[in-house]
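If you want the building blocks of each chain, they are given just below.
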Amino acid sequence: MASADSRVTIHMAASLDGFIARKDGLVDWLETSDEFADGDTLDPAVVDAFLKTIDCYVMGSRTYETALSFEAKGFGWAYGDKPTFVLTGRALPRTRDTVEFYSGDLAQFVNGHLRPAFRTIWFVGGGVLSGECLRLGLADEVRYSILPILIGDGIRFFDGLDGDFPLHLAEVKAYKSGMVELCYEVRGPRGGPRIARVRNTQ
Amino acid sequence: MKASVFVGTSLDGFIARADGAFDFLPLGGGEPHGYDEFMATVDALVIGRKTYETVLALGAWPYGTKPTFVLSTHPLAPAPAEAVVERMSGSPVEIVSLLVSRGIQHAYVDGGITIQRITITRVPVLIGAGIPLFGAIPHDITLKHIATQQYPSGLVKSEYEVAGRHDGKR
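Chains as they are written, first to last, in my numbering: chain A, 3 to 204; chain B, 81 to 250.
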């Protein structure tokens, strides 16, 4: 049984042209030098309080590997002491107790395992996992942090969408860093039919 | 001369579906989000041949008597009587200098030449696949965020200025 008030959010940061990483997975472009004077400040205390409201993280194997490489470079582990589920069929190093691996049916995992146990569930990438989450009708919310840079090519925000997904705009925020955060609700019955099909994916 | 982009995209950054259709954009351009005001500041348009043909197929010429330069190396299909259309080809630098020599100060551009200002209006839909706003670029292009505005129908308009370009790791 799915917990009635659990909420699945897909969150990713992307370039203005819609890429979450370069082709080789690098996210070296995430730090931009822009300054938007009228923007909101990301006060560390507010960020901290916000992150506390997230109960668990879900990610694909490449996002996990990126997180590990960040940690190896001394940037720390981005997901605190929150349970972090890595969807993968591969054998990956497990560097902390909060990390668990899972391979199998995503809908069963989210509805049968995560929703009953957690209220605020964050999918943090990558594009394949986020696309599957949306396609299977598992997501309640899409959060898109847009950075002020064009990188031209890379891994797309969502991969493998098989139709249109109309969204409902819930919130827009512009930050001093030049980042614009858009928050959308996913409307319609979970897993229900979508209004149109893309005719050609190439 | 300043060159600006003013364009609608899906949330996932596509300006059209893979077959060129843009049926996911609201009919008639959606609720007013500054397009008319923007167009009033522009004294010429620079569009690609594909856009030209798409616009012709719409039936009604949308650019009035504003000079419209179509980038194409081939002859163009005839323009409607009221339209002011001219074919142009060359490198981005050649095109810009040609426009400057014609007294153009602010051009609306949908591709082909170097752009200084980008206004993207995102429609609240993900379409999964299509034609991306920008093609391949040789370097990262850093931007300066100017303003973001939201509209009741869910449109979000963001304006950026091109800040610079630098070598990314490829």
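No wet-lab data here; the hints were simulated from the structure. Virtual Cβ for every residue (Gly too), placed ideally from N, Cα, C. Worth double-checking, as some hints may not be accurate.
[Unchecked claim] Stretch-level coverage of chain A by chain B, calculated; a stretch enters the list once three of its residues show a Cβ under 8 Å from a Cβ in chain B:
1. 13–24
2. 50–60
[What the hints assert, rightly or not] Computed far set for chain A versus chain B, every beta-carbon distance over 12 Å:
3. Leu44
4. Gly106
5. Pro118
Comparing the hints with the structure gives:
no. : hint   : result
1   : 13–24  : holds (count 4)
2   : 50–60  : violated (count 0)
3   : Leu44  : 14 Å, holds
4   : Gly106 : 24 Å, holds
5   : Pro118 : 28 Å, holds
When each numbered hint is compared with the structure, a violation occurs for hint 2 only.
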